[in-house]
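Asks: Input sequences plus hints: build the corresponding full structure.
The listed protein sequences correspond, in order, to chains A and B. Quick note on numbering: the first sequence equals residues 55 to 167 in the working numbering. Quick note on numbering: the second sequence equals residues 542 to 653 in the working numbering.
Calculated directly from the structure, the hints in this document are not laboratory data. A virtual CB, placed ideally from N, CA and C, is assigned to each residue, including glycine. Just to be clear, a hint being listed does not mean it is correct.
A partial selection of chain B residues facing chain A, derived with a Cβ cut-off under 10 angstroms [unchecked claim]: (1) V545; (2) H550; (3) Q583; (4) Q586; (5) F631; (6) C632; (7) A635; (8) K640; (9) V641; (10) F643; (11) G646.
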Amino acid sequence: DTGVSQNPRHKITKRGQNVTFRCDPISEHNRLYWYRQTLGQGPEFLTYFQNEAQLEKSRLLSDRFSAERPKGSFSTLEIQRTEQGDSAMYLCASSSGAANEQFFGPGTRLTVL
Amino acid sequence: AQSVSQHNHHVILSEAASLELGCNYSYGGTVNLFWYVQYPGQHLQLLLKYFSGDPLVKGIKGFEAEFIKSKFSFNLRKPSVQWSDTAEYFCAVAGGYQKVTFGTGTKLQVIP
Numbered sequence: 055d056t057g058v059s060q061n062p063r064h065k066i067t068k069r070g071q072n073v074t075f076r077c078d079p080i081s082e083h084n085r086l087y088w089y090r091q092t093l094g095q096g097p098e099f100l101t102y103f104q105n106e107a108q109l110e111k112s113r114l115l116s117d118r119f120s121a122e123r124p125k126g127s128f129s130t131l132e133i134q135r136t137e138q139g140d141s142a143m144y145l146c147a148s149s150s151g152a153a154n155e156q157f158f159g160p161g162t163r164l165t166v167l
Numbered sequence: 542a543q544s545v546s547q548h549n550h551h552v553i554l555s556e557a558a559s560l561e562l563g564c565n566y567s568y569g570g571t572v573n574l575f576w577y578v579q580y581p582g583q584h585l586q587l588l589l590k591y592f593s594g595d596p597l598v599k600g601i602k603g604f605e606a607e608f609i610k611s612k613f614s615f616n617l618r619k620p621s622v623q624w625s626d627t628a629e630y631f632c633a634v635a636g637g638y639q640k641v642t643f644g645t646g647t648k649l650q651v652i653p
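Replies: Structure follows, in structure tokens:
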């Protein structure tokens with residue numbers, strides 16, 4: 055399968071714990087995006103990488119959130135000291151070329167108890 | 542800032558009925574417009590896109606959308622829906638390589 059993959063697919067954690075998610079984009083794509091989706095809402099932009107450079111961060115991305123893409127390939131999203139309000143589906147997407155057609159992964163569903 | 546407004550949150554249709562889902566956007570520059578679909582239990586998939594050229598865009602599974610610049614609209618249409626079209630539909634806008642801004646989605650339920 056050459057699509058975007060995300061791991062884990064589900065994560066249940068207790069409030070205050072740290073969690074890390076991984077995204078593997080389509081191999082030739084140089085742009086990678088993280089979004090968050092809550093029930094009844096469309097995906098909301100969190101951050102965006104072009105190769106290894108993080109070019110934009112949303113105000114939604116508090117200091118407890120950090121994302122990396124160290125070698126311009128896979129990316130990780132870490133949430134420190136999780137809160138119940140962090141419960142959501144975290145989506146990753148990738149794209150390349152002049153157009154911005156983004157291909158989405160299956161998401162990681164986070165539940166904070 | 543870019544924004545997207547979808548007018549219908551939940552639509553129920555019988556099979557063979559025609560579909561039109563409204564979408565209006567706000568963005569100051571040249572836009573790329575998208576409709577994504579999320580079938581139950583599946584991830585977001587691109588249904589169709591508009592970047593430039595012919596404002597009437599045809600997508601997969603018989604869907605089409607029309608970009609009307611003067612109305613800032615990008616409505617999705619299908620002449621005859623099927624039960625398999627039951628899904629959630631998201632309109633989205635992007636400026637260049639930037640983030641995609643999504644609407645809140647429209648849940649379509651098609652009754653056999």
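Asks: Given B/A635 was flagged as interface, is its beta-carbon under 10 angstroms from a beta-carbon of chain A?
Replies: holds, 5 angstroms
Asks: Under the criterion of a CB-CB separation shorter than 10 angstroms, is B/H550 in contact with chain A as hinted?
Replies: With a minimum Cβ separation of about 8 angstroms from chain A (threshold 10 angstroms), the hint on B/H550 holds.
Asks: Against chain A, is B/V545 within 10 angstroms by beta-carbon distance?
Replies: holds, 8 angstroms
Asks: For the hint on B/C632, just tell me whether its beta-carbon gets within less than 10 angstroms of chain A.
Replies: holds, 8 angstroms
Asks: Please check whether B/K640 passes as an interface residue: C-beta within 10 angstroms of a C-beta belonging to chain A.
Replies: Constraint on B/K640 satisfied, holds at 4 angstroms.
Asks: Holds or violated: B/F631 as interface residue toward chain A, Cβ cutoff 10 angstroms?
Replies: holds, 5 angstroms
Asks: Less than 10 angstroms between beta-carbons is the criterion; does B/V641 satisfy it with respect to chain A?
Replies: holds, 6 angstroms
Asks: Close enough to count: is the Cβ of B/Q583 nearer than 10 angstroms to one in chain A?
Replies: holds, 8 angstroms
Asks: Hold the hint about B/Q586 up to the distance rule: shortest CB distance to chain A must be less than 10 angstroms.
Replies: holds, 8 angstroms
Asks: So, as I understand it, the hint says B/G646 touches chain A; can you test that by seeing if any CB pair is closer than 10 angstroms?
Replies: Hint on B/G646: holds, closest Cβ of chain A at ~5 angstroms, below 10 angstroms.
Asks: With a cut-off of 10 angstroms on the beta carbons, see whether B/F643 makes it to chain A.
Replies: holds, 3 angstroms
Consistency with the previously given hints is maintained throughout, with no hint failing.
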